[in-house]
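Undergrad: All chains should be built: construct the whole structure from the sequences, respecting the hints.
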Amino acid sequence: DTGVSQDPRHKITKRGQNVTFRCDPISEHNRLYWYRQTLGQGPEFLTYFQNEAQLEKSRLLSDRFSAERPKGSFSTLEIQRTEQGDSAMYLCASSYRTGGVETQYFGPGTRLLVL
Amino acid sequence: AQSVTQPDIHITVSEGASLELRCNYSYGATPYLFWYVQSPGQGLQLLLKYFSGDTLVQGIKGFEAEFKRSQSSFNLRKPSVHWSDAAEYFCAVGGGSGGSYIPTFGRGTSLIVHP
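Chains as they are written, first to last, in our numbering: chain B, 1 to 115; chain Z, 1 to 115.
Just so you know, not all the hints are guaranteed correct.
[What the hints assert, rightly or not] Far from chain B by the CB rule (all over 10 Å, computed), these chain Z residues: (1) D8; (2) S14; (3) Q42; (4) G43; (5) L44; (6) K61; (7) S70; (8) Q71; (9) S72; (10) S73; (11) P79; (12) G108; (13) I112.
[Claimed, not checked] Restraint-style ranges between C-beta atoms, simulated for each label pair: (14) R111/B / R107/Z: 17 to 25 Å; (15) P115/Z / T76/B: 26 to 34 Å; (16) G28/Z / L113/B: 35 to 43 Å.
Hints in this document: simulated from the structure, not taken from any laboratory.
None of these values were measured; they are calculated from a predicted model.
Beta carbons are placed, not taken as given, at the ideal position from N, Cα and C, and that holds for glycine.
TA: Okay, structure coming up:
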């Protein structure tokens, strides 16, 4: 168990550019979540996958945001035409649900700064 | 809708003193409750969780939390704080009875430890 990993750890981009983040979950975990965290706030849910199926999306996830988990393993989160308001920490978490019990394990996050 | 309130934005304690961080939740059924810790620039680490059973839950790093249904609270405690405990602490509530599982996080409490 190597934990959840995210890449890159930091990203600086100019407004209008596209960015893509990657998350590698714990290998046996079938659920994968994306969150956004702004300064002084707790994580806010964006979307989650069970295996390769995207099951729920938050209203926070505008049309500029898209997430994929093509083979039910790693996931990518793309932000198109970035805006300064997209600056935040993007956290990924994975979990395995059995018998109605589930615990999420978080990665270190990707900190995005949009100039 | 589920929600979490962490009424204290900052808590300052002296090293060696006891600690209690407050968490109040709103949830329509039996909640699953979590405490996470986040060091600066890092992801969230799970400290402890409550699903059912004994209402006093032991976690890592000497932390414990008590679930009080009558008060809708899940306060985090530690008998003697170490300087390395300085971090941001997040309480979260989620459901576990079928369907989607999307935890809601509080805004966090920042713990400052004086030598």
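Undergrad: For every hint, state whether the structure bears it out.
TA: Hints versus structure:
1. Listed as outside the interface, D8/Z is consistent with that label: its C-beta sits roughly 13 Å from the nearest C-beta of chain B, beyond the 10 Å cut-off.
2. Every CB of chain B lies more than 10 Å from the CB of S14/Z, the least distance being 24 Å, so the non-interface label holds.
3. The Cβ of Q42/Z sits about 6 Å from the closest Cβ of chain B, inside the 10 Å cut-off, so the non-interface label is violated.
4. For G43/Z, the requirement that its beta carbon stay farther than 10 Å from each beta carbon of chain B is not met, with the minimum near 4 Å.
5. With a least CB separation of 4 Å from chain B, L44/Z falls inside the 10 Å interface cut-off, contrary to its annotation.
6. Non-interface call for K61/Z relative to chain B: holds, since the shortest CB-CB distance, roughly 16 Å, exceeds 10 Å.
7. In this structure S70/Z is separated from chain B by more than 10 Å, as the shortest Cβ-Cβ distance comes to about 24 Å.
8. Chain B leaves Q71/Z outside its interface by the beta-carbon criterion, the shortest separation being 21 Å against a cut-off of 10 Å.
9. With 10 Å as the threshold on Cβ separation, the claim that S72/Z sits away from chain B holds: the shortest Cβ distance comes to roughly 18 Å.
10. Every CB of chain B lies more than 10 Å from the CB of S73/Z, the least distance being 17 Å, so the non-interface label holds.
11. Remark: the non-interface label on P79/Z is consistent with the geometry, its nearest Cβ contact in chain B lying 25 Å away (cut-off 10 Å).
12. Not every Cβ of chain B is farther than 10 Å from the Cβ of G108/Z; the closest lies at roughly 5 Å, contradicting the non-interface assignment.
13. Distance check for I112/Z against chain B: the nearest CB is about 15 Å away, which clears 10 Å, and the non-interface claim stands.
14. Range check, R111/B to R107/Z: Cβ separation about 19 Å, and the 17 to 25 Å hint holds.
15. As the Cβ distance of P115/Z to T76/B is approximately 44 Å, the hint placing it in 26 to 34 Å is violated.
16. One distance hint, 35 to 43 Å for the beta-carbon pair G28/Z and L113/B, holds here, with the actual separation near 39 Å.
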